[in-house]
Each structure stands twice: as structure tokens, then as C-alpha cells.
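Please put together the full structure from these sequences, using the hints given.
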Amino acid sequence: MWNLLQIELFKIFKKPRTYLAFAIIAAFIFLIQLGLYVNGKDWLKFILGSLDETMDLDYHKLNNGYAVCYFVLNLLLVHVPILVALVAGDVVSGEAGMGTLRLLASKPVSRTQIILAKYFATAVYVFAMLLWIALISLAVSVAIFGVNDLVVAKTSGLQLIESDDILWRYFFAFGFAFVAMMVVAAISLLLSTLSENSIGPIVATVGIVIVCTLVSEMEIPIYQKYIKPYLFTTYMLGWKGFFYIGSTADGETIKGSIQYLPGILKSLAALLAYNVGLVAAAVWVFRKKDILS
Amino acid sequence: MKQLICLMMLLSSVFFVAAQDITELVQKVKAKLDLVNDYEANGRMKTNVSFLKVPVATVKVYFKKPNKLKVKNEKGISFVPKGAVNINMSNVLSSGKFTVLDAGNDKIGNTVVKVVKLLPEDDAADVVLSTLYIDEANVVIRRAKTTTRDNGTYELEMSYGKYSAYGLPDQLSFSFNTKDYKMPKGVTFDFEDGTDAKKKEDKLKNRKGKVDISFSNYIINKGLPDTIFQ
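Chains as they are written, first to last, in the numbering used here: chain A, 1 to 293; chain B, 294 to 523.
There could be a bad hint or two in this list.
Stated by the list, open to error - Derived list of chain B stretches under chain A, where covered just means 3 residues or more per stretch with a C-beta under 8 Å from a C-beta of chain A:
1. 331-342
2. 407-413
3. 459-473
Just so you know, the hints here were simulated from the structure itself, not pulled from any lab data.
In this text, a Cβ means the ideal position worked out from N, Cα and C, and glycines have one as well.
Here it is as C-alpha cells:
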């Protein structure tokens, strides 16, 4: 299994498109950092809404590395699935297209092992990508903008997390994001086992993510009640839960607390279940597949 | 007829004496506050606004005559209400251009206080009306309500300790009006955290905010540079 994984990793990291994702992420984050460095105050005024009319705000302190990273994650984690699909959608169908899948299946390893090796290799890619995001969006932003307290905006209001209570939240948020992105990878893998070319699974995965995200965010009662609970995109925002701090009845924040841990754990469990279900389906499909290419 | 004239003279002299007394009381309070040209104080600030969740902050409060006030959080970020300058009563009394009206007596806790209304003589002034609740025995303001032209009404409650000789409180509670907080879900992309949305909406309708500051010590009249207030 270890050899198989190494081979799969070699295949993934040998393709130029793998590094394209890293370059896109770096360019995107750099543009955000530049924008916030120049016009951070304007962005904060928009985020903080009418608060500026009631309170005196120190925009210089508000525009700090933690805030920049939070903003980056808000924007980026919606789009990272596309970059995950770019690689994960290709792992089986790419080989089918090139004609190497039959050769691979003829080796003395089970088809289950082949799919699992491809899934774990994709996991390494996703992990590396999130690590890259963390490095640029958090470490670089902190180096440029410095550290201070983090203001998190919700529809129900604003909350302030003290600077020494933030880093662990990012650690868990990135961990959660990894599980969420692996669901996207698992969807791509399943679709990849059904296709003979890479384009189909990649486009289909992106389409599924877009449609499910839109349905998840639409405030239409019938969708909210009957469809939303079953969509994986409903649970993908769980990483934000680590930034929702608990508070006393009169609004004083409790350091080191999470407002609604059961909600995060439920989301995590749902995403893990999706992962297991989709990978099991991919294994089942691949085991039954007639490899003709 | 003579009796009527005598009665009117008697009544007007009573009112004149009363008005003189209350003006004298306000002047005494003002004289006490005038002892302070500037101060720097350490404090702990607790903010209670319906749409804000913030920790208790350790702050430094700087004041300089006539009306410069700055609340600074040395370590992190604090949300300081815009009308916070009104926590210093010197700001209200410093102009001296107001008409004083006696509004009787009231009680704050067990203390009988004199209720005084100040009407500014300047029609264009931002402050429309100030109501002061003055502790006559200690010559300090225990409560104040300030109605402004543009920024609603501020309320201030103060308790005094070892700095009462300067009219500086040990604790104060500052209430102010807040505006609606509105942020569309499409912008925040909230994670459904399982809390009741209706409760949240009701909470956001409360338009009063409150800041409590406990002062631990004052450094008075040591001089403060203007740069602190920028």
C-alpha cells in the first residue's frame, strides 16, 4: 500500500497542473493582502456596517494579520474545491484517458487498494494546499500586518476575540477545512471512476459544489427544511464555528470557548460520513468497472 | 391689594433665593471639576451592546481641558462609544453659558439628590438639555442625562471614592443610543450555529448600549501632550 501511495504521489506531483493550484492561491492571496494594505480601512468600514456611526474604531489595529487571514479564508475556501477537483477528478479518469489504467489494474494489487491509494495521495495534495494557504494567508499576513484582536462579523452582530485566543482556532479551522475539502476530493474520485476523460469529473464536481452551495445559502423554506440538511456544503462552513466565541448573558466573551461545539461536531461527523460513503462508492464502482482503455 | 402685592413680593423673593441657591450649587460643582486640568486613569471597561460580544478591556482614560478625552486599549481593540467625551462632566459645565433650573429633589439609593436642569444659552449647541442629579453633601454629580441634537441621549451614573475631592468617579456607567446592526447573510456566510434566529432578531432591536468603567487610580494635573488625543 505504501508503494502504491508513493507511486500515486509521484504521479500527482509530476503534473504541472498540481502546481498551478499553488500558484493561483499565492496570486489570489497576494492580491488580497495588497488590497487590504492599501485600502484596509474601507473594507473594514464595509464589514463593520453602521458601527462606525456609534463607536470610535481604531482601524489600524483592526486591520491586522489575523483579520486578513480570516478574510482570505472566507473568500478562498469557497473556491478551493475547484482546485481540489482539478487534481482529484483526474486521478482515475486521467489514467483511463492515457491508457495506463488497464496496466495498473493488471498489477498484483487489489482494485480497492488502488482507489484507496489514489484517495490518500489526493489527501496529501489537499493537505499540502491547505498548508500553503496557511503559510501565505496567516504567516505572511501576520508578518506584514502584525497581530491584534480579531473582529468576526455575523448577521447577529460582531464579536471580538483577543489576540492570544486566536491561533488555536486557526489550527482547528484548517483541520476542519481539510476534512471538508476531502469530501470534494471524494466526489471527484467517484466521478473519476465513472469517466474515461478528466474534463467530465472536474466540471461535474465544480457544478455539484456550486449548485449545492447556492441551495445551502438560499433562504427558501422548502430547501431549508428538506434539502439543506442533506447537502455536504451545509456542513463545509463548520470551520467558522471555531471563530464563534462563547459569551455570558450580557455579552462578555469567554476566553478559550466555542459558542456551539455540538454544531461543529455534527458537521464534522456529517463530512466524515460523506467521505466514507463516497470513497466506498468509488471502490464499489471501480471494482465493478470494465476497464477497456 | 396691599396684601396681594406683599404675597407676590414674598413669593418672588423665595424663587429668587431658590434659583440663587441652585446656581450656587452648580457653581460649587463646577469649581470642584475645574480643579482638574488633565488626568490619566487606569480602568477596566465592560461594554454591553446587544450586537457586540467583547471581552472586558483594560484601558487608559486620558482627559484634558476643555473637552479632550481618549479611551485607549493598550493591548488590544476596544469599541468606545462616540459620545464618550460626555463621561467627563467638566465638558458639560465648562462653558458656563447655561440657564440653571431647579427641578426639585430625588433619591439615588439612600442619598437625596438635587435635580438640576441646564439649558444652554447657545441655540446652536449640540447639547440641548442636561439634567444633573447632584449630591449636595459631597458636591458631586451622581447622575446625568444629556440630550444632544444629533446623537440621542446619554446617561451617566457615577459613584465616588477617594477622588471625590476632584469630582472624579471610581466607577461610572455610561448609557448611549446605538444604531441598528445589519449585515446580510450573503456577506457573512454564517455557519448555522444552532441558536434561535428569532432570539437574535429580538436582541438586535435593543437600541441602548452601556459601558461600565471601574477606575483604579488617577494621575491628576501632571500635564498631557495633545498627541495622545489624536
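Here's how the hints hold up against the structure:
no., hint, in the structure
1, 331-342, "holds (count 4)"
2, 407-413, "violated (count 0)"
3, 459-473, "holds (count 5)"
Violated hint: 2 only; the structure is consistent with all others.
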